[in-house]
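**Q** Residues per chain are reported as follows:
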Amino acid sequence: MKQVIKGNFAVSHGVKLCRVKVISAYPITPQTTIVEELSEMCASGELDAKFIKVESEHSAMAGVIGSSTAGVRSFTATSSQGLLLMHEVLHWAAGARLPIVLANVNRAVGPGWNIWADQTDSLSQRDTGLIQVYCESNQEVLDSVIMAYKLAEKVSLPVMLTYDAFFLSHTSEIVDIPEIEQVDEFLPPYNPEFRIDINNPRSFGGMIGPDYYFEERYIMHKDALKALEYYQQVCKEFEEIFGREYDICEEYRTGDAEVIVVAAGTITSVSRIAVDKFREEGKKVGLMKLRMFRPVPVERWRKVLGNVAKVVVMDRNLTAGLGGVFASEIQAALYPIENKPMVYPVIAGLGGRDVTPDDIEGIINYALSNDKPTDVPLFWGLKE
Amino acid sequence: MQKTFDIPRELMTEEELLQPGMLSCQGCGASLAMKLALKGLGKRTVVVIPACCWTIINGVYPYSALQVPIIHVPFETAAISASGVRAGLDARGEKDVVVMAWAGDGGTFDIGIQSLSGAAERNDDILYVCYDNEAYMNTGIQRSSATPVGAWTTTTPAGSIKEEPKKDIEEIMLAHHIPYMATTSVAYPDDMYMKFKKVRHITGTKFIHLLSPCPPGWRIDPSKSVQITRMATQAKVFPLYEVRRWRFSKKRGRLEENWKYTINIYPDRELPVKEYMKAQGRFQQMTEDMVNDVQERVDRKWDELIRKADGRPLTPNE
Numbered sequence: 028m029k030q031v032i033k034g035n036f037a038v039s040h041g042v043k044l045c046r047v048k049v050i051s052a053y054p055i056t057p058q059t060t061i062v063e064e065l066s067e068m069c070a071s072g073e074l075d076a077k078f079i080k081v082e083s084e085h086s087a088m089a090g091v092i093g094s095s096t097a098g099v100r101s102f103t104a105t106s107s108q109g110l111l112l113m114h115e116v117l118h119w120a121a122g123a124r125l126p127i128v129l130a131n132v133n134r135a136v137g138p139g140w141n142i143w144a145d146q147t148d149s150l151s152q153r154d155t156g157l158i159q160v161y162c163e164s165n166q167e168v169l170d171s172v173i174m175a176y177k178l179a180e181k182v183s184l185p186v187m188l189t190y191d192a193f194f195l196s197h198t199s200e201i202v203d204i205p206e207i208e209q210v211d212e213f214l215p216p217y218n219p220e221f222r223i224d225i226n227n228p229r230s231f232g233g234m235i236g237p238d239y240y241f242e243e244r245y246i247m248h249k250d251a252l253k254a255l256e257y258y259q260q261v262c263k264e265f266e267e268i269f270g271r272e273y274d275i276c277e278e279y280r281t282g283d284a285e286v287i288v289v290a291a292g293t294i295t296s297v298s299r300i301a302v303d304k305f306r307e308e309g310k311k312v313g314l315m316k317l318r319m320f321r322p323v324p325v326e327r328w329r330k331v332l333g334n335v336a337k338v339v340v341m342d343r344n345l346t347a348g349l350g351g352v353f354a355s356e357i358q359a360a361l362y363p364i365e366n367k368p369m370v371y372p373v374i375a376g377l378g379g380r381d382v383t384p385d386d387i388e389g390i391i392n393y394a395l396s397n398d399k400p401t402d403v404p405l406f407w408g409l410k411e
Numbered sequence: 079m080q081k082t083f084d085i086p087r088e089l090m091t092e093e094e095l096l097q098p099g100m101l102s103c104q105g106c107g108a109s110l111a112m113k114l115a116l117k118g119l120g121k122r123t124v125v126v127i128p129a130c131c132w133t134i135i136n137g138v139y140p141y142s143a144l145q146v147p148i149i150h151v152p153f154e155t156a157a158i159s160a161s162g163v164r165a166g167l168d169a170r171g172e173k174d175v176v177v178m179a180w181a182g183d184g185g186t187f188d189i190g191i192q193s194l195s196g197a198a199e200r201n202d203d204i205l206y207v208c209y210d211n212e213a214y215m216n217t218g219i220q221r222s223s224a225t226p227v228g229a230w231t232t233t234t235p236a237g238s239i240k241e242e243p244k245k246d247i248e249e250i251m252l253a254h255h256i257p258y259m260a261t262t263s264v265a266y267p268d269d270m271y272m273k274f275k276k277v278r279h280i281t282g283t284k285f286i287h288l289l290s291p292c293p294p295g296w297r298i299d300p301s302k303s304v305q306i307t308r309m310a311t312q313a314k315v316f317p318l319y320e321v322r323r324w325r326f327s328k329k330r331g332r333l334e335e336n337w338k339y340t341i342n343i344y345p346d347r348e349l350p351v352k353e354y355m356k357a358q359g360r361f362q363q364m365t366e367d368m369v370n371d372v373q374e375r376v377d378r379k380w381d382e383l384i385r386k387a388d389g390r391p392l393t394p395n396e
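Heads up: the protein sequence lines correspond to chains A and B, in order.
Going left to right, the first sequence walks through residues 28 to 411 as the working numbering numbers them.
Going left to right, the second sequence walks through residues 79 to 396 as the working numbering numbers them.
Everything labelled a hint here was simulated from the structure, so no lab data went into it.
Computed from a predicted model, the values in this text were never measured in an experiment.
Using C-beta positions, here's what the derived DEER-type ranges look like: (1) B:T340 with A:P215: 49 to 57 Å; (2) A:W140 with B:E353: 52 to 60 Å; (3) A:I225 with B:R347: 40 to 48 Å; (4) A:S183 with B:R347: 56 to 64 Å; (5) B:R378 with A:W140: 44 to 52 Å; (6) A:N227 with B:P98: 19 to 27 Å; (7) B:D377 with A:A347: 54 to 62 Å; (8) B:N201 with A:V403: 53 to 61 Å; (9) B:K338 with A:H114: 37 to 45 Å; (10) A:W140 with B:Q145: 48 to 56 Å.
Here a beta-carbon is modelled for each residue, glycine too, at the ideal position from N, C-alpha and C.
Construct the entire structure; sequences and hints are all you get.
**A** Structure, rendered in structure tokens:
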């Protein structure tokens with residue numbers, strides 16, 4: 028059924044369709060309407076779940092760690108400062124190998140207070156062990172919630188899906204909401220092998236010395252890498268039932284491209300418009316959309332970007348003293364390639380500043396007209 | 079003459095859910111406390127443990143000393159983790175299982191108080207136990223807000239002993255309108271057993287504040303740990319009492335609010351605070367004025383407690 032809904036409602040509809048049993052969340056702008064709608068769904072009985080209205084984001088994640096260990100499908104959502112407050116427990120959720128799904132609305136971090144789009148919050152959680160998926164549209168947000176549970180429960184790792192504040196969270200788009208029977212077919216009930224069981228008492232997360240910890244982390248790493256392959260299977264199964272196509276990363280007009288723009292989130296949409304314009308002029312420009320960022324699809328990135336002359340990486344995030352996170356990781360992935368493309372790292376749109384198709388056009392022209400980047404990174408649109 | 083206790087028969091016959099091989103110190107109150115608590119609670123119990131001595135006591139992977147499920151959680155999350163487990167078990171239809179958060183005084187009075195306050199305010203159906211050894215003992219004896227005035231710790235060393243009184247956690251918890259709050263002590267196994275048996279049948283947030291001796295931290299001989307802990311109650315430094323919020327009104331046919339304080343142990347001999355202090359190495363730096371101040375505070379609190387318990391002390395047999 029097609030409906031015009033905001034990105035946040037796409038999340039709550041996804042949660043409902045997945046028959047989540049426990050939600051634990053704390054409100055923060057711009058995530059708030061997710062928890063409002065979920066509260067209503069729980070109150071009306073539309074969703075048969077227990078909603079723990081916690082006193083902080085730290086407790087939001089700790090709560091679902093408890094419920095997930097008890098063996099039920101669990102969900103939380105947050106943004107920005109809330110995600111940062113969760114940091115400790117994100118590591119715990121991943122280390123405990125719990126298939127929790129977390130929706131994060133990408134918002135800038137303070138100070139000063141800024142509630143607008145910026146990816147620094149989720150990218151600060153790179154090393155927690157959470158799988159990260161970046162979304163571009165409200166349809167993709169809803170579909171990604173459903174696929175996230177399938178993947179999380181397969182690899183026993185938490186998944187964070189993330190999308191831009193306001194550009195998606197509070198913007199209405201047409202979304203095809205699947206029938207719950209279809210989702211049931213795609214996503215069977217969660218029944219884990221290991222859970223809190225009175226008849227089979229186990230100890231979860233206790234002391235572990237140097238003689239085992241090392242191997243335990245190695246196994247976690249290997250399983251995280253498996254998520255790349257599993258996610259492609261999950262996407263294929265999803266497409267068979269729902270008819271919509273997804274992947275670990277997506278290519279647009281990259282076949283013969285000489286310049287490829289790399290972007291995540293809503294900057295992808297405006298980049299697509301700019302790419303079309305260059306193509307009309309006969310210029311070989313393409314786009315690679317980042318979807319899965321942890322684990323890193325290194326091989327795929329190399330395949331897509333390995334044979335082009337120039338790669339422009341758009342970062343709506345900043346690690347001060349280095350530059351953009353995506354650019355740094357793309358460069359690391361391309362390093363072993365012999366004829367490396369020239370990488371043009373660009374920081375744009377921090378704190379929700381608009382990035383328009385004209386901006387992308389300007390950035391691509393900058394790459395086209397310079398043999399190598401003039402600034403590393405280039406802060407596009409910086410006021411004098 | 080010291081009173082001997084009538085140990086409930088069940089305490090001897092109930093299944094032993096704590097196995098040998100734990101990593102506790104000699105004379106540790108925390109391991110004894112877990113043994114007694116599980117006797118009262120029984121097998122259908124899940125234990126939630128934040129960072130505390132029990133993280134170590136339970137054993138290093140792949141060993142575990144408990145015969146019930148145990149989940150280790152981050153330091154400040156004992157209460158909410160228990161609430162999460164509760165929600166998960168409820169969704170699975172296992173409503174009769176007791177979820178017990180088992181945290182030290184640091185995890186309760188200090189770093190965990192936010193999540194504890196949240197769970198108590200929501201009246202989540204969990205049992206929260208603070209086994210209080212009155213400092214960060216697991217990290218090597220640093221002061222917490224549960225450390226009593228006058229105590230030496232490694233962060234309140236000689237010349238700078240703790241000047242602030244212990245935080246009144248019991249009144250803080252009661253201010254959350256929880257259905258049940260009690261204090262108990264490993265020195266009174268009958269009292270402990272009775273209380274842990276009782277909470278199994280109370281819905282909502284139950285809070286038990288349990289005095290648990292730490293020989294290295296209190297600077298006492300391990301063989302004297304129970305004896306000295308008993309002195310805390312005899313000197314009224316740690317009175318054993320319980321508070322219930324509700325009573326059933328036959329007339330109205332429903333529960334009505336009726337804050338009932340009950341003193342469970344009425345000391346059978348007057349023991350000055352000074353004697354309790356003298357028995358422990360950690361209080362050796364206290365001046366006489368400090369000891370007198372503590373005595374005054376203890377007397378005042380005891381009088382308040384008696385007033386709250388219907389103005390009269392209960393006899394031990396009541």
